[in-house]
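Chains as they are written, first to last, in my numbering: chain W, 1 to 299; chain X, 1 to 238.
Treat the hints loosely; a few may be bogus.
[Claimed, not checked] In silico contact screen, one side only, chain W against chain X (beta carbon under 10 Å); selected entries: (1) Gln40; (2) Ser54; (3) Leu57; (4) Arg116; (5) Val206; (6) Met210; (7) Val219; (8) Ile222; (9) Tyr296.
[Said to hold, decoys possible] List time: in silico DSSO-like cross-link candidates among lysine-lysine, alpha-carbon distance up to 30 Å: (10) X/Lys228 / W/Lys53; (11) X/Lys228 / X/Lys87; (12) W/Lys55 / X/Lys228.
FYI, nobody ran anything at the bench for these hints, they're computed from the structure.
Ideal placement from N, C-alpha and C gives every residue a C-beta, glycine not left out.
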Amino acid sequence: MPQPPDARPADTGVIHDIGYRGYTGPRLGRAYAARSLFTQSLRAAYGLGRSGKSKVLPMLVLGAVTVPAVIFVAIAVALHRDELPVEYAGYLSNLGLVISIFLASQAPVLLSRDLRYHTVPLYFSRPITRTDYVRAKFAAMACAQLLLMVAPLLVLYAGALLGGMDFAHNTGQFLYGLAAAVLYALVPTSVALVIAASTPRRGFGVAAIMGYLAVSSTVAAIAVGLSSPGTGGSDATQWTALISPNGLVEALVNEAFDLGAGFDRRHAPGGLGLVVFALVAALMVAGSYRLLLRRYRNV
Amino acid sequence: MNPTVARLTLRGLLGRRRGALLLVAPALLLIISAIASRSSGDAHDLTVKILGQLDLGTLVPILGLVIGTGVIATEIDDGSIVYLLAKPLPRHRIITTKLAVAIGVTWLVAAVPTLLAGLLLYGTKDGVALGYTVAVLVAGAAYSALFLLLGVVTRHAVVAGLAYALVWESLFGNFVQGARTLSIQQWGRAVAEAVAGDTAIGADVSLGAAVPLLLVVTVAATVLASVKLAGLTLASEE
Numbered sequence: 001m002p003q004p005p006d007a008r009p010a011d012t013g014v015i016h017d018i019g020y021r022g023y024t025g026p027r028l029g030r031a032y033a034a035r036s037l038f039t040q041s042l043r044a045a046y047g048l049g050r051s052g053k054s055k056v057l058p059m060l061v062l063g064a065v066t067v068p069a070v071i072f073v074a075i076a077v078a079l080h081r082d083e084l085p086v087e088y089a090g091y092l093s094n095l096g097l098v099i100s101i102f103l104a105s106q107a108p109v110l111l112s113r114d115l116r117y118h119t120v121p122l123y124f125s126r127p128i129t130r131t132d133y134v135r136a137k138f139a140a141m142a143c144a145q146l147l148l149m150v151a152p153l154l155v156l157y158a159g160a161l162l163g164g165m166d167f168a169h170n171t172g173q174f175l176y177g178l179a180a181a182v183l184y185a186l187v188p189t190s191v192a193l194v195i196a197a198s199t200p201r202r203g204f205g206v207a208a209i210m211g212y213l214a215v216s217s218t219v220a221a222i223a224v225g226l227s228s229p230g231t232g233g234s235d236a237t238q239w240t241a242l243i244s245p246n247g248l249v250e251a252l253v254n255e256a257f258d259l260g261a262g263f264d265r266r267h268a269p270g271g272l273g274l275v276v277f278a279l280v281a282a283l284m285v286a287g288s289y290r291l292l293l294r295r296y297r298n299v
Numbered sequence: 001m002n003p004t005v006a007r008l009t010l011r012g013l014l015g016r017r018r019g020a021l022l023l024v025a026p027a028l029l030l031i032i033s034a035i036a037s038r039s040s041g042d043a044h045d046l047t048v049k050i051l052g053q054l055d056l057g058t059l060v061p062i063l064g065l066v067i068g069t070g071v072i073a074t075e076i077d078d079g080s081i082v083y084l085l086a087k088p089l090p091r092h093r094i095i096t097t098k099l100a101v102a103i104g105v106t107w108l109v110a111a112v113p114t115l116l117a118g119l120l121l122y123g124t125k126d127g128v129a130l131g132y133t134v135a136v137l138v139a140g141a142a143y144s145a146l147f148l149l150l151g152v153v154t155r156h157a158v159v160a161g162l163a164y165a166l167v168w169e170s171l172f173g174n175f176v177q178g179a180r181t182l183s184i185q186q187w188g189r190a191v192a193e194a195v196a197g198d199t200a201i202g203a204d205v206s207l208g209a210a211v212p213l214l215l216v217v218t219v220a221a222t223v224l225a226s227v228k229l230a231g232l233t234l235a236s237e238e
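Go ahead and model the full structure; you've got the sequences and the hints to work with.
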C-alpha cells in the first residue's frame with residue numbers, strides 16, 4: 001500500500017555539482033573574428049567549403065578568364081613572336097563581361113543571404129562591430145575579384161618571360177595590368193555590393209547588378225561608337241564613360257598609362273578628364289562604402 | 001488562365017517598389033532616344049544602334065530575365081509555391097497563367113517604349129519603328145517562356161539566363177557566325193526585317209528559320225516547364 005505523500009522521506013531532489021565552469025582562457029577577440037569573417041567570405045566567393053554546385057560557376061569563370069591567356073601565350077610562343085598579341089590591361093577589359101558576371105553572381109552570395117536568413121544580427125551578437133562586418137565583406141569581394149584578374153595576368157607574364165620576350169617592357173606592362181586589376185576590383189565591386197546589400201533576394205540582386213553594369217556600358221559604347229567615324233568632337237562623348245564603372249576604369253587606365261589603340265579606344269579626355277575620372281572613381285568607392293555602412297547601421 | 005493565380009503573380013511581380021524598378025529600363029530608353037533624336041548624327045545609324053544594340057540586345061533580355069524568373073522562381077525560392085501547388089489546379093494551367101502574365105508585363109515595359117523610341121528617333125519611315133516593336137514582341141515572349149522554364153529547372157536561373165543572354169547571344173554571337181542561328185535576339189531581328197522591308201534592319205537568320213524556331217522554343221519551354229513543375233522537388237539551398 002502506497003504511503004501518503006507527507007510520509008515520504010523529504011529531501012530527494014538534489015542539485016548535483018557537475019563541475020560546470022565558465023571559460024576563463026584567452027579569447028581571440030574582435031580582430032580574429034573579423035579576420036575569420038573575411039577568410040570565410042573569400043572562400044564562399046569561390047564556393048570553397050560549400051557544396052559542389054556552388055563551385056560550378058566560380059570555377060567556370062576562373063577557367064574562362066585564364067584559358068584565353070594560355071592560348072595567347074601558346075600562339076605567341078609557337079610563332080616566335082617578340083611580343084604578346086594582347087596588352088595586359090586590354091586583356092582585362094576584353095574579358096570585362098565575364099568578370100562582371102562573376103561579380104554579379106557572387107556579390108549577392110556574400111551579402112543577400114545573410115539578410116534573407118536574418119543571420120546579420122547573429123554576427124553582431126559577437127564582438128565584431130558593424131564596421132568590421134562591412135569592411136570584411138568589402139575586402140573579401142574585392143580580393144576575390146582581384147584574384148580572378150591576377151590569375152590570367154600571371155599566366156601572360158610568365159608565358160612572356162618563358163617565351164624569351166623583352167623583360168623590361170613586359171614587367172612595365174604587367175604592372176600597368178596589375179594597377180588596372182586593382183581598379184577593376186574596387187570600382188565596379190563597390191557599386192555591386194551596395195546593390196546586393198539592398199535586396200534579400202539573390203536572383204534579383206544578380207539581375208540588378210548585371211543590368212546596371214551591362215546597360216551602362218552599352219550606353220557608353222554606343223555613344224563612343226557613334227561619334228568615331230567623324231573624328232571631330234569624339235572627345236566629348238568619352239565623358240559618357242562616367243556612368244559605367246567598367247568603362248570608367250578602362251578609360252582612366254588607358255589615358256594614365258597611354259595604352260590601347262584603334263578608333264574605338266576609350267580614354268579620359270585630356271588632363272582635366274584624367275583628374276575628373278580619377279575623382280569619380282574614388283568617389284564611387286568611398287561613397288559606396290559609406291552607403292554600406294549606413295545600410296548596416298540598423299539591421 | 002486562372003484569374004486568382006494571375007492576380008497573385010502580378011502582385012508578386014509589381015508589388016511594393018518592384019514595379020517602379022521595372023520602369024527604370026524603359027525610362028532610360030526613352031530618355032536616351034530623346035537625347036539622340038536631337039543630335040546631328042545619321043538617324044538610321046543611331047536608330048539601329050539604340051533600338052538594335054541597346055534595346056533588343058541588352059534591355060529586352062534583362063527585362064525578360066527579371067520578369068520571367070520573377071513570376072515563378074522567387075516563389076520556388078522562398079517556398080511559398082507549395083501553397084499554390086496544393087490547390088486543385090492542373091500544373092500546366094499554373095504555368096500558362098504565369099507565362100501569360102510574364103509576357104503581358106514584358107510587352108508593356110519593353111514593346112511600348114520601343115515603339116515610342118522608334119517614332120522619336122526615326123518617325124514612321126520604312127516601318128523601322130514598327131519592325132523593332134514586332135521584334136521586341138516576339139523576342140520578349142520567347143525570352144519569358146525560356147526564362148520561366150529556367151526558373152522551374154534550376155535555382156540559379158538568373159545566372160544561367162544571364163550566361164545565355166549575354167555570353168552566348170552577345171559575346172559568341174559577335175565572333176561565331178553559327179551561334180547567331182541559335183539566338184532569340186537574331187530570330188527577333190529576322191521578324192523585324194520581314195516587317196520593315198529589306199534594307200532597314202540587318203538580320204543573319206532567314207525568316208523561314210526564325211519563325212518555326214521561335215514557336216518551337218516558346219511552346220517547348222512551356223510544355224517542359226509544366227512537366228518539371230508537375231514533379232517539382234523543393235530542395236534546400238546549398
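Verification of the hints:
1. A cut of 10 Å between beta carbons decides the hint on W/Gln40: the least distance to chain X is about 16 Å, and the hint is violated.
2. Using the Cβ-Cβ criterion of 10 Å, the hint placing W/Ser54 at the interface with chain X is satisfied: the shortest such distance is roughly 6 Å.
3. Restraint check, W/Leu57 versus chain X: the minimum CB separation of about 6 Å is within 10 Å; hint holds.
4. Because the closest C-beta pair between W/Arg116 and chain X is about 8 Å apart, less than 10 Å, the hint holds.
5. Residue-level restraint check for W/Val206 holds (minimum Cβ-Cβ distance to chain X is 4 Å; threshold 10 Å).
6. Among the interface hints, the one on W/Met210 holds; its C-beta lies about 5 Å from the nearest C-beta in chain X, closer than the 10 Å criterion.
7. At about 6 Å, the closest approach between the beta carbon of W/Val219 and any beta carbon in chain X falls short of 10 Å, and the interface hint on this residue holds.
8. The criterion of a C-beta within 10 Å of any C-beta in chain X is met by W/Ile222, whose closest approach is roughly 5 Å, and the hint holds.
9. The criterion of a C-beta within 10 Å of any C-beta in chain X is not met by W/Tyr296, whose closest approach is roughly 20 Å, and the hint is violated.
10. Of the pairs offered as hints, the one joining X/Lys228 and W/Lys53 holds, with about 20 Å between alpha carbons and a cut-off of 30 Å not exceeded.
11. With a C-alpha separation of about 17 Å, the suggested pairing of X/Lys228 with X/Lys87 holds against the 30 Å cut-off.
12. Proximity of W/Lys55 to X/Lys228 is assessed by CA-CA distance (about 25 Å); at most 30 Å being required, the pair is judged to hold.
In this structure, the hints that do not hold are numbers 1, 9, in rising order.
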